[in-house]
Amino acid sequence: SQTIHQWPATLVQPVGSPLSLECTVEGTSNPNLYWYRQAAGRGLQLLFYSVGIGQISSEVPQNLSASRPQDRQFILSSKKLLLSDSGFYLCAWSGEGGVTGELFFGEGSRLTVL
Amino acid sequence: SQKIEQNSEALNIQEGKTATLTCNYTNYSPAYLQWYRQDPGRGPVFLLLIRENEKEKRKERLKVTFDTTLKQSLFHITASQPADSATYLCAPGGSYIPTFGRGTSLIVHP
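The listed protein sequences correspond, in order, to chains Y and X.
With the numbering used here applied, the first sequence covers 977 to 1090.
With the numbering used here applied, the second sequence covers 1001 to 1110.
Bound conformation, chain Y alone:
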């Protein structure tokens, strides 16, 4: 069966510090991968998606970046965090080609920037 792992689950970072969130998927090949952010009391905002290794599409311009070094690994990074980067970050995957587009989410990473 397919599983998705996301870490760390919680982190507190000072403004200006770097960030790295990691997501891996098991039990599937060539998944579409997604990073979402959910600010407190807000909806899910799509940040990045990837349909293959090294292929990243950005939905929202910001100081975040994403990379996909391996087929089932998706990394969200920042060189310098802002207060506004605080939120709940969710990684998700869907089947290759997005036939149904059904998404499977990880448990999330809660980031607090102080």
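These aren't lab readings, by the way, just hints derived from the structure by calculation.
Each hint should be verified, as a subset may be incorrect.
[As the list claims (entries may be wrong)] With the C-beta cut set under 10 Å, the calculated list includes, among others, these residues of chain X facing chain Y:
{"id": "1", "residue": "Ile-1004"}
{"id": "2", "residue": "Leu-1011"}
{"id": "3", "residue": "Tyr-1036"}
{"id": "4", "residue": "Pro-1044"}
{"id": "5", "residue": "Gln-1081"}
{"id": "6", "residue": "Pro-1082"}
{"id": "7", "residue": "Ser-1085"}
{"id": "8", "residue": "Ala-1086"}
{"id": "9", "residue": "Leu-1089"}
{"id": "10", "residue": "Thr-1099"}
[Unchecked claim] Non-contacting residues of chain X with respect to chain Y, defined by C-beta distances greater than 10 Å in every case (computed):
{"id": "11", "residue": "Glu-1009"}
{"id": "12", "residue": "Ile-1013"}
{"id": "13", "residue": "Glu-1015"}
{"id": "14", "residue": "Thr-1022"}
{"id": "15", "residue": "Thr-1026"}
{"id": "16", "residue": "Ser-1029"}
{"id": "17", "residue": "Gln-1034"}
{"id": "18", "residue": "Glu-1056"}
{"id": "19", "residue": "Arg-1058"}
{"id": "20", "residue": "Lys-1059"}
{"id": "21", "residue": "Thr-1065"}
{"id": "22", "residue": "Thr-1068"}
{"id": "23", "residue": "Gln-1072"}
{"id": "24", "residue": "Ala-1083"}
{"id": "25", "residue": "Asp-1084"}
[As the list claims (entries may be wrong)] A short list of chain X residues far from chain Y (calculated; beta carbon distances all over 12 Å):
{"id": "26", "residue": "Asn-1012"}
{"id": "27", "residue": "Gln-1014"}
{"id": "28", "residue": "Thr-1018"}
{"id": "29", "residue": "Asn-1024"}
{"id": "30", "residue": "Arg-1042"}
{"id": "31", "residue": "Leu-1048"}
{"id": "32", "residue": "Glu-1060"}
{"id": "33", "residue": "Leu-1062"}
{"id": "34", "residue": "Lys-1063"}
{"id": "35", "residue": "Asp-1067"}
{"id": "36", "residue": "Lys-1071"}
{"id": "37", "residue": "Thr-1078"}
{"id": "38", "residue": "Ala-1079"}
{"id": "39", "residue": "Val-1108"}
{"id": "40", "residue": "His-1109"}
We put the beta carbon where it would ideally sit given N, CA and C, even for glycine.
Fit chain X to the supplied structure of chain Y, relying on the hints for placement.
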């Protein structure tokens, strides 16, 4: 621009009643609409998918309708229980990149 809109106000209902949540979309013609449940501090969990050629889809106490003329999907939970309390999200599926509405919080009172 393409939009998915859900009622941002919480829906409060009494246990045993039917909850009805609304999802409206504009500037879209999605082949599918999906519904997810999200509990506090957790990732969303997929519930149901309905295709544009399906008027209605059922799964246990859940029912989803899809009206392409009104550009609307309705999500019903019959015989609601306090355990159904959560935020429910809709999203277009198919060839579109999955963007979500803000979700509607459902609170079922015992």
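Give me the numbers of the hints this structure contradicts, sorted from smallest to largest. Hints 2, 5, 6, 7, 8, 17, 30, 31 contradicted; others consistent.
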